[in-house]
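Participant: Now for the letters of each chain:
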Amino acid sequence: MEKDRLRRRTFLKILGLGSFLATVGLSIPITVRFLFPRVLFERPSTFIVGRPDDLNPATTGLRVYEDWKEEYGVWIVREGNRLYAINARCTHLGCTPNYFADEGVFKCPCHGSQFRSNGLNFAGPAPRPLDRLRIYINDDGMITVDRARLYTYKDFDRKGAYLKL
Amino acid sequence: MENKSALWRWIKGSRVYKSIFRHGYEDTKKNRILQIRSNVFLHIHPVKIPDHAYRIRFTWCMGGITFFLFLVEVMTGAFLMFYYTPTPEQAYRDMLYLRYDVPFGMILRNMHRWAAHLMIFTIILHMLRVFLTGSYKPPREFNWVIGVTLLVITLLLSFTGYLLPWDQLSYWAITVATNMIGAMPFIGHEGPLSLLDRYHDIRFLILGGSEIGSNALLRFYVMHIIVLPVTGMIFMAVHFWRVRKDGISRPL
Amino acid sequence: MAYQDHSKKRYTWPDLVVIEFLTAVALTIILLVWALLVNAPLLEVANPGMSENPSKAPWYFVGLQELLVYFDPWIAGVMIPFIIIVSLVMIPYLDNNPRGIGHYTYSQRRFAVTHFIIGFSMWWILIGIGYFLRGPNWQFYWPWESWGAVKGVEEHLWSPPPWAGVTGLIAYLTLGMILPAIIQRGLYRRFGTFRYIIVMSILLMMYLVPIKILLRLLFHIRYILVTRWFNI
Numbered sequence: 001m002e003k004d005r006l007r008r009r010t011f012l013k014i015l016g017l018g019s020f021l022a023t024v025g026l027s028i029p030i031t032v033r034f035l036f037p038r039v040l041f042e043r044p045s046t047f048i049v050g051r052p053d054d055l056n057p058a059t060t061g062l063r064v065y066e067d068w069k070e071e072y073g074v075w076i077v078r079e080g081n082r083l084y085a086i087n088a089r090c091t092h093l094g095c096t097p098n099y100f101a102d103e104g105v106f107k108c109p110c111h112g113s114q115f116r117s118n119g120l121n122f123a124g125p126a127p128r129p130l131d132r133l134r135i136y137i138n139d140d141g142m143i144t145v146d147r148a149r150l151y152t153y154k155d156f157d158r159k160g161a162y163l164k165l
Numbered sequence: 001m002e003n004k005s006a007l008w009r010w011i012k013g014s015r016v017y018k019s020i021f022r023h024g025y026e027d028t029k030k031n032r033i034l035q036i037r038s039n040v041f042l043h044i045h046p047v048k049i050p051d052h053a054y055r056i057r058f059t060w061c062m063g064g065i066t067f068f069l070f071l072v073e074v075m076t077g078a079f080l081m082f083y084y085t086p087t088p089e090q091a092y093r094d095m096l097y098l099r100y101d102v103p104f105g106m107i108l109r110n111m112h113r114w115a116a117h118l119m120i121f122t123i124i125l126h127m128l129r130v131f132l133t134g135s136y137k138p139p140r141e142f143n144w145v146i147g148v149t150l151l152v153i154t155l156l157l158s159f160t161g162y163l164l165p166w167d168q169l170s171y172w173a174i175t176v177a178t179n180m181i182g183a184m185p186f187i188g189h190e191g192p193l194s195l196l197d198r199y200h201d202i203r204f205l206i207l208g209g210s211e212i213g214s215n216a217l218l219r220f221y222v223m224h225i226i227v228l229p230v231t232g233m234i235f236m237a238v239h240f241w242r243v244r245k246d247g248i249s250r251p252l
Numbered sequence: 001m002a003y004q005d006h007s008k009k010r011y012t013w014p015d016l017v018v019i020e021f022l023t024a025v026a027l028t029i030i031l032l033v034w035a036l037l038v039n040a041p042l043l044e045v046a047n048p049g050m051s052e053n054p055s056k057a058p059w060y061f062v063g064l065q066e067l068l069v070y071f072d073p074w075i076a077g078v079m080i081p082f083i084i085i086v087s088l089v090m091i092p093y094l095d096n097n098p099r100g101i102g103h104y105t106y107s108q109r110r111f112a113v114t115h116f117i118i119g120f121s122m123w124w125i126l127i128g129i130g131y132f133l134r135g136p137n138w139q140f141y142w143p144w145e146s147w148g149a150v151k152g153v154e155e156h157l158w159s160p161p162p163w164a165g166v167t168g169l170i171a172y173l174t175l176g177m178i179l180p181a182i183i184q185r186g187l188y189r190r191f192g193t194f195r196y197i198i199v200m201s202i203l204l205m206m207y208l209v210p211i212k213i214l215l216r217l218l219f220h221i222r223y224i225l226v227t228r229w230f231n232i
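Protein chains in written order, with this note's numbering: chain A, 1 to 165; chain B, 1 to 252; chain C, 1 to 232.
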């Protein structure tokens with residue numbers, strides 16, 4: 001009798017404590033999940049650059065178009081017959097570099113990283129060249145950039161990382 | 001003092017007065033004790049403290065000053081909240097509004113900002129003082145830990161406060177900081193050994209989005225006005241309580 | 001030290017309360033005058049397309065920002081602050097020297113005071129460099145130099161091969177761990193092995209920061225150790 005009672009007490013103790021701890025423990029993932037909403041109200045990740053012949057085809061060598069930097073944070077760069085979109089976001093900590101056309105250099109104001117016009121890092125703490133974004137011709141024949149798809153320098157020759165003109 | 005008017009004597013003899021002020025104010029030992037012991041705010045002090053604790057050269061008064069600055073932050077912050085809307089469209093406009101159109105608005109904002117800067121400075125000095133006087137040694141070890149926690153909370157308070165004006169400084173400070181966090185191993189999407197994408201990492205958790213926007217501003221705002229101050233107050237209560245219980249440090 | 005009768009106590013009312021009240025009044029006056037004279041900074045409205053140049057954090061974070069020049073972002077921004085905070089928390093449990101409570105003393109606590117002051121000063125020096133000596137593009141400018149002066153690109157930086165980096169680091173840690181124990185027997189004995197290892201690890205990590213900065217400035221070494229996942 002006495003022994004049974006003790007066992008029941010232990011069982012209830014474990015049950016009580018266990019459910020208490022389980023509830024407290026569960027509240028942590030629930031709280032974390034709460035902070036990740038299902039729907040986001042962010043801008044669409046794609047934007048239209050223009051028709052292929054809008055970008056002056058007569059240039060040889062390398063040219064950096066700054067027209068989309070202000071609004072979308074993207075530089076369109078034409079290198080020979082290749083067109084690619086450079087993400088205007090320093091690979092160090094995400095500041096927006098500035099382009100110095102006379103030197104042909106992107107400079108980051110936050111920690112002094114510098115990149116050549118094709119995005120190659122050559123000074124400062126940046127660990128890798130500037131990332132590129134997916135660039136493609138959409139169904140209407142317009143050059144489109146998708147800012148959600150990033151290519152790091154290992155994938156620069158992959159399909160989508162550049163556009164052949 | 002026998003030249004008190006009859007009115008004054010009547011007031012002091014009334015039930016209302018006596019219900020509020022429980023003891024006399026004459027300079028007697030008993031009253032000096034009661035003044036501390038019967039007052040909830042002053043009761044943070046012991047009735048008596050050792051002579052050396054009064055010396056400014058010993059304490060620099062930095063802990064007290066820090067607490068006072070915290071109170072200034074709470075007051076000015078509450079007033080600023082009357083005119084502040086935590087949305088990217090409105091926040092910066094509110095700064096200009098406070099500056100040009102709200103009487104004394106700019107002084108209030110200045111005080112809030114400068115008191116915050118000063119507070120960090122005084123906390124650091126307080127820490128230096130406590131270290132140099134060996135006041136973290138037994139039995140006060142744990143209070144030093146609480147103090148470090150309070151330092152971290154204060155730094156986070158300043159940091160979350162910085163985003164709120166939504167100016168260039170805010171924006172880029174947050175950009176850099178959250179990108180550092182996003183570069184952490186495992187839990188940040190740009191860090192080594194990470195399997196998460198930019199929609200499911202710790203940076204997203206802080207920003208409430210994949211980029212800095214209205215959710216981020218709101219999250220920082222809530223942290224700044226509720227979560228961190230309340231946490232800070234709880235830790236402060238423990239901090240002061242332990243000073244009260246252990247007494248001020250003194251040579252063995 | 002001439003410490004008189006410590007049992008001597010005074011009533012806090014009104015002696016202490018008056019001091020506190022006067023401090024609060026003085027502080028309020030200082031804050032009011034400060035707030036009247038100097039406006040809190042407000043830059044242009046946030047513009048994701050344009051970073052400030054230079055873009056400086058508030059002064060108490062400038063030390064961290066300065067470290068970013070030398071370390072990987074998450075090491076400078078997350079790892080180092082974390083280590084600093086954990087080390088600060090551990091101080092009372094690591095310091096087993098019972099002397100020097102409740103008064104300023106150097107002679108009774110040489111080891112603790114020396115290293116704390118060095119670390120403390122390092123933090124302020126980093127803040128000073130970041131705050132006063134960094135100009136556009138976070139490049140180094142002496143106070144008398146104009147920010148308009150064009151600065152050349154940083155010297156070409158190099159990193160030693162991984163084996164050399166590992167060797168160097170291990171040599172540093174081993175020597176740093178063993179030498180003080182040999183030279184300062186008393187220190188080792190006072191701490192005991194376990195505590196000694198923890199204390200020395202913290203200090204060795206702390207001194208690695210200025211060492212790395214000097215290696216960069218003197219020998220243009222970018223990272224001491226390069227791995228696939230992180231660099232030191």
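No lab work stands behind these hints: they were computed from the structure. Treat each hint with caution, since some may be false.
DSS-like, lysine-lysine: derived pairs with alpha carbons at most 27 Å apart [stated by the list, open to error]:
#1 C:LYS9 / C:LYS56
#2 C:LYS9 / B:LYS29
#3 B:LYS29 / C:LYS8
Participant: Confirm or reject each hint.
Facilitator: Results for each hint:
| no. | hint | result |
| --- | --- | --- |
| 1 | C:LYS9 / C:LYS56 | violated, 49 Å |
| 2 | C:LYS9 / B:LYS29 | holds, 13 Å |
| 3 | B:LYS29 / C:LYS8 | holds, 16 Å |
In this structure, only the earlier hint numbered 1 is contradicted, and the remaining ones agree with it.
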